[in-house]
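Use these hints to put chain B onto chain A, whose structure you have.
In case you want the letters, here they are:
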Amino acid sequence: MIVAELKEISEIRRMIDRYSSILVVGCDSCVAECAAGGRRETMLLAAALKLSYAKDDKQHTITESCLDRQCVDDFIEGIAHLVPEHDVLLSLGCGAGVQALARVYTDKPIIPALDTLFIGETEMRGVWQENCLGCGQCKLGYFGAVCPVTRCSKKLMNGPCGGSKDGHCEVRPDIPCGWDMIIRRLDTLGELDRLNEYVPPVDWSTSHSGGPRRVVREDQKP
Amino acid sequence: MKTESRLEKVLAAGHFAVTAECGPPKGSDLAVLEKKGKALLGYIDSVNVTDNQTAIVRMSSVAACSILKAMGHEPVLQMVTRDRNRIALQSDLFGAYALGIRTVLCLTGDHQTFGNQKEAVGVFDLDSIQLVRTVREMRDNGRIIGGEPIQGPPKMFIGAAENPFADPVSWRVVRLAKKLQAGADFIQTQCIYNVDRFEQFMRQAVDMGVTEKLYILAGITPIKTAGMAKYMANKVAGMDVPESLIQRVAGVPKEKQAAEGIKIAVETIQQVREMKGVAGIHLMAIEWEERVPEILEAAGLAKRPQV
Chain A
1 MIVAELKEIS
11 EIRRMIDRYS
21 SILVVGCDSC
31 VAECAAGGRR
41 ETMLLAAALK
51 LSYAKDDKQH
61 TITESCLDRQ
71 CVDDFIEGIA
81 HLVPEHDVLL
91 SLGCGAGVQA
101 LARVYTDKPI
111 IPALDTLFIG
121 ETEMRGVWQE
131 NCLGCGQCKL
141 GYFGAVCPVT
151 RCSKKLMNGP
161 CGGSKDGHCE
171 VRPDIPCGWD
181 MIIRRLDTLG
191 ELDRLNEYVP
201 PVDWSTSHSG
211 GPRRVVREDQ
221 KP
Chain B
223 MKTESRLEKV
233 LAAGHFAVTA
243 ECGPPKGSDL
253 AVLEKKGKAL
263 LGYIDSVNVT
273 DNQTAIVRMS
283 SVAACSILKA
293 MGHEPVLQMV
303 TRDRNRIALQ
313 SDLFGAYALG
323 IRTVLCLTGD
333 HQTFGNQKEA
343 VGVFDLDSIQ
353 LVRTVREMRD
363 NGRIIGGEPI
373 QGPPKMFIGA
383 AENPFADPVS
393 WRVVRLAKKL
403 QAGADFIQTQ
413 CIYNVDRFEQ
423 FMRQAVDMGV
433 TEKLYILAGI
443 TPIKTAGMAK
453 YMANKVAGMD
463 VPESLIQRVA
473 GVPKEKQAAE
483 GIKIAVETIQ
493 QVREMKGVAG
503 IHLMAIEWEE
513 RVPEILEAAG
523 LAKRPQV
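Chains as they are written, first to last, in the working numbering: chain A, 1 to 222; chain B, 223 to 529.
Excised from the complex, chain A in its bound form:
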C-alpha cells in the first residue's frame, strides 16, 4: 500500500487560507490503513481546521466527505454533487488521489493535506515500513524476498557496503542493514549460493528514470 503522513496544519492553512469554502476529501484505502487519510482522519482534520479558523476569528465553510478510493474515477464521481458549492478540494489522498481529483474536477484547485511517502507494509500497529520502490523489474526471487533496491540505503546489488555494523545501516542505527537481512534470510533458506553470482547494473529505464509509467491493457478496457 501507499504510506502517507498528514502535513502540519500550518502548512495546510498557508495553502487554503485564500478560499472561503473548503471540501475535505478523504480516501478510505491505503491512507486509511496507515491512519493518515481515512474516514476517521478526514473527520479529525475537518474538526481541526474549523477550530483553527474559529481561533483566528475567520469564517470558512468546511465540509467533509470520504471516498472509498480517491484514485479511481468511479469512486471520485461520488462527490460530484458537493464539488460545485466549494472553492477548493483539500485531499487526504496520496499523490495519485490528489492528481486524479484534479483530472476529474478540472475547474477546481486541489490541495494536498498529506505528504505521500512510500510503498510499504504495516509491520505492526503504528509502524509502517517502506519495502518497494516500484523499479519495474522485481528481483525479490534472487534476494530471499528482501529488496536490495529499497532496503539498502545505497541500492547495492552485490552485497553489503563497509558501513554495515551489528545488522544496522551506516545511515542511521534505526535502519536495519538490508544486506544483513538478505544474507540472514538466504542463510536460513540454505540459498546463500544465490549471492555468488555477479549482478549486472540495474536497468533503471523501467523505473521512474524512464519517465512517468503507464500500463495500458486492451483486454481490460470497456
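A few of these clues could be false.
Stated by the list, open to error - Calculated lysine-lysine pairs in the DSSO-like style (CA-CA distance at most 27 Å, straight line):
no.: 1; chain 1: A; residue 1: K165; chain 2: B; residue 2: K452
no.: 2; chain 1: B; residue 1: K291; chain 2: B; residue 2: K248
no.: 3; chain 1: B; residue 1: K485; chain 2: B; residue 2: K257
no.: 4; chain 1: B; residue 1: K340; chain 2: A; residue 2: K7
no.: 5; chain 1: B; residue 1: K435; chain 2: B; residue 2: K224
no.: 6; chain 1: A; residue 1: K165; chain 2: B; residue 2: K457
no.: 7; chain 1: B; residue 1: K257; chain 2: B; residue 2: K446
no.: 8; chain 1: B; residue 1: K291; chain 2: B; residue 2: K525
no.: 9; chain 1: A; residue 1: K165; chain 2: B; residue 2: K446
no.: 10; chain 1: B; residue 1: K257; chain 2: B; residue 2: K478
no.: 11; chain 1: B; residue 1: K457; chain 2: B; residue 2: K446
no.: 12; chain 1: B; residue 1: K291; chain 2: B; residue 2: K257
no.: 13; chain 1: B; residue 1: K231; chain 2: B; residue 2: K435
no.: 14; chain 1: B; residue 1: K446; chain 2: B; residue 2: K485
no.: 15; chain 1: B; residue 1: K340; chain 2: A; residue 2: K165
If you're looking for bench data, these hints aren't it; they were derived computationally from the structure.
This is chain B only, laid out in the frame that chain A set:
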C-alpha cells in the same frame, strides 16, 4: 603487465608497496594541494586521491590527480558511485586516462547524509563491484556498458576497497572474492586498529586462494589524539577501534598523543608486513599528509623501489 600503472609494476615485481591518501582541498586552492603533494613526493609509490570523501564537497579527484601527476606523482584515482551515474563515470574514466591516470580505485562512497550536502540525491546507479567490472570491460574488451566499442580504451589498474571489520563477518571474504571475480587487481582495506581481527580476515583470504590473484594493501591511519580515536570508534561507519588502543593514547599527556599515535601506526605496519598475503600498505593520514615521511622512515619503508 595489464597496464602502465606504476603501482602494478611495483606489486608485480614483488616489492612491498606504499601508497598514501591525499584529500583535495575544499575549494580551488592549488597551493594546498601542492603542499600536500610535495610532502609525499619520493616517499610513496602512488598517491591516492579521494573523491569527495565522507560526502564533503571538495576539488574533483580527476583534477587533483592530474595536478599531482604534473608534480611527478603516480596518482590513484578514487571514484565513488554515489555522485555520478554510469554516463558520467565512464566519461570521467576516458578523461582521466587521457590525462595520464593509470590506476583507479572503485568505491560506492559514504552515504550523502554524512557530508555537507545532506539533501542531495544519492545516485548509486552502479555499485562499486559493477564499477570494477565496467573498468575491466573497458580495459580487456574495449567496451562500455551495453557493449559499444571505445575509441582508445582506458587501460586502468583496478582497485577496490574492503572492510575486514564490517558485518556480517562471514560475508566479508565472500565479497572480496566477488570483487576479484569482477576484475579487481588490488584491494585497499579499511583502517586497521584491531590487528587480530585483520589477521583472521587475511588468513581466511589466503585459505580461499584470493591473495594469489589479488594484491592486498593494508589500510593504516595514524591516530592524532585520544579524541580522534574515540570519534572513530563511535562515529565513523565500519570502524573497529579496540578500547585498549584508545586507553593507550589517552594514557599519555595530550602533547605526546600524536607521537604515540604514530608509534602505533608504525607498529601496525610492522605487524601487517609479517602477515601472509599482505602486499603493501595504504597510509591514510587524514589532513596529516606531512607526517607520512616520518612514519615511513620509522617503518623502514621510506625508500621506494625503481621500476
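Query - Given hint B/K446 paired with A/K165 - CA-CA distance at most 27 Å - result: With a Cα-Cα distance of about 24 Å, the restraint between A/K165 and B/K446 holds, given a limit of 27 Å.
Query raised in the report: If you draw a straight line from the CA of A/K165 to the CA of B/K457, is it 27 Å or shorter?
Result: Measuring from Cα to Cα gives roughly 12 Å; hence the hint holds.
Query raised in the report: Given the hint that B/K291 pairs with B/K525, does the C-alpha gap stay at or below 27 Å?
Result: Holds, at roughly 20 Å.
**Report entry** 27 Å limit on alpha-carbon distance, applied to hinted pair B/K340 and A/K165
**Finding:** 21 Å, holds
Report task. Please work out if B/K340 and A/K7 have their alpha carbons no farther apart than 27 Å. Result -> 22 Å, holds
Requested in this report: Below or equal to 27 Å on CA atoms is what counts here, so check B/K231 against B/K435.
Outcome: The hint holds at about 15 Å.
Query raised in the report: Within a Cα-Cα threshold of 27 Å, do B/K485 and B/K257 meet the stated pairing?
Result: 24 Å, holds
Requested in this report: Quickly compare the C-alpha distance for B/K257 and B/K478 to 27 Å and report which way the hint goes.
Outcome: Roughly 25 Å separates the two Cα atoms, so the pair holds.
Query raised in the report: Is the hinted pair B/K291 and B/K248 satisfied, with a Cα-Cα distance of at most 27 Å?
Result: 19 Å, holds
Query raised in the report: Taking 27 Å as the top limit, are the C-alpha atoms of B/K457 and B/K446 close enough?
Result: Satisfied, since the Cα-Cα distance of roughly 16 Å is no more than 27 Å.
**Report entry** Distance restraint between B/K257 and B/K446, which requires alpha-carbon spacing of 27 Å or less
**Finding:** Judged against 27 Å, a Cα distance of about 20 Å means the pair holds.
Query raised in the report: Holds or violated: B/K446 with B/K485, Cα cutoff 27 Å?
Result: 11 Å, holds
Every hint from the earlier list agrees with this structure, and none is contradicted.
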